[in-house]
Amino acid sequence: MFSLSDQAIDPKRLKAQVTDPRSGGFVSFEGWVRNHNDNKQVEALHYEAHEKLALQVGNDIIVQALKQFDINAAVCCHRIGALQVGDMAIWVGVSADHRQAAFAACEFILNQTKAQVPIWKNEHYSDGATGWVEANL
Amino acid sequence: MTIKIEFYGRLKEDFNATSTEWTFQPDTTVEALYQSLCDTHQVTANIHVVRPIINDTFVDWQQHIAPHDVVGFFPPASGG
Numbered sequence: 001m002f003s004l005s006d007q008a009i010d011p012k013r014l015k016a017q018v019t020d021p022r023s024g025g026f027v028s029f030e031g032w033v034r035n036h037n038d039n040k041q042v043e044a045l046h047y048e049a050h051e052k053l054a055l056q057v058g059n060d061i062i063v064q065a066l067k068q069f070d071i072n073a074a075v076c077c078h079r080i081g082a083l084q085v086g087d088m089a090i091w092v093g094v095s096a097d098h099r100q101a102a103f104a105a106c107e108f109i110l111n112q113t114k115a116q117v118p119i120w121k122n123e124h125y126s127d128g129a130t131g132w133v134e135a136n137l
Numbered sequence: 138m139t140i141k142i143e144f145y146g147r148l149k150e151d152f153n154a155t156s157t158e159w160t161f162q163p164d165t166t167v168e169a170l171y172q173s174l175c176d177t178h179q180v181t182a183n184i185h186v187v188r189p190i191i192n193d194t195f196v197d198w199q200q201h202i203a204p205h206d207v208v209g210f211f212p213p214a215s216g217g
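Which chain is which? The protein sequence lines are A and B, in order.
All residue numbers for the first sequence refer to this note's numbering, where the first residue is 1 and numbers rise by one.
All residue numbers for the second sequence refer to this note's numbering, where the first residue is 138 and numbers rise by one.
Worth flagging that the hints you see were computed from the coordinates, not collected in a lab.
Mixed in with the good hints there might be a few duds.
[As the list claims (entries may be wrong)] 27 Å max Cα-Cα, derived DSSO-like pairs, lysine-lysine: (1) A:K114 <-> A:K40; (2) B:K149 <-> A:K15; (3) A:K12 <-> A:K67; (4) A:K40 <-> B:K149; (5) B:K141 <-> A:K40; (6) A:K12 <-> A:K114; (7) A:K114 <-> A:K15; (8) A:K15 <-> A:K67; (9) A:K40 <-> A:K52; (10) A:K52 <-> A:K12; (11) A:K67 <-> A:K114; (12) A:K12 <-> B:K149.
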């Protein structure tokens, strides 16, 4: 399942959604807001989304991952709204019988989410300027 | 005939608006609409990276717009 959240992401709650007795392992990825980008000092950022299509595209990615990889469960949650440095922006979790498929599916979901889901990042810099980030693949 | 146009991400700054009303001629494609907007706002039209939607559905650039449609334009995604 793919979800959007305007509140802090709770990894424990999300991990519970991919826990599966068939699985021999679990892989997760956390994306955090870092304090720099492209030689600029980042103070904060804001994620904007077209929520209806973001959920549609994000869930299509999860379905594609479940078909393409030998995994048992997959979840992705992306923050929207205002975030500070250190906040978690995205969480991806996959459980599978074996680790190879879990690692591959986790990376697939992350890459496809960054490339396809209609979410846009607006960075706020230490000099007061702001800037839209694009195609940060 | 009028429609509502919505801009997302950096396109809000390019077109200096979050949304706007627009009057159009019959048989106008979404590509012609976008080109007209770009001409008016002196924005470079790059339809290879921008994606159009109509009424919350992805559409082809050759899709014709209809009265009361809500047309949106997406710049490249940058989540994660």
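Consistency of the hints with the structure:
1. The straight-line distance between the Cα atoms of A:K114 and A:K40 is roughly 21 Å, inside the 27 Å bound, and the hint therefore holds.
2. Proposed proximity of B:K149 and A:K15 is contradicted: the alpha carbons are some 36 Å apart, above 27 Å.
3. Between A:K12 and A:K67 the alpha-carbon distance is near 25 Å, which keeps this suggested pair within the 27 Å criterion.
4. About 22 Å separates the Cα atoms of A:K40 and B:K149, which keeps this hinted pair within 27 Å; it holds.
5. Our distance criterion of 27 Å between C-alpha atoms is broken by B:K141 and A:K40, whose separation comes to about 36 Å.
6. This hinted pair checks out: A:K12 and A:K114 have alpha carbons roughly 23 Å apart, not beyond 27 Å.
7. Between A:K114 and A:K15 the alpha-carbon distance is near 21 Å, which keeps this suggested pair within the 27 Å criterion.
8. Pair hint A:K15 plus A:K67 holds up; C-alpha atoms about 20 Å apart against a cutoff of 27 Å.
9. Among the hinted pairs, A:K40 with A:K52 is inconsistent with the structure: their alpha-carbon atoms are about 32 Å apart, more than 27 Å.
10. The hinted pair formed by A:K52 and A:K12 meets the criterion: a straight-line CA distance of about 25 Å does not exceed 27 Å.
11. Restraint check: the Cα-Cα separation between A:K67 and A:K114 comes to about 20 Å, which is no more than 27 Å; the hinted pair holds.
12. The straight-line distance between the Cα atoms of A:K12 and B:K149 is roughly 36 Å, outside the 27 Å bound, and the hint therefore fails.
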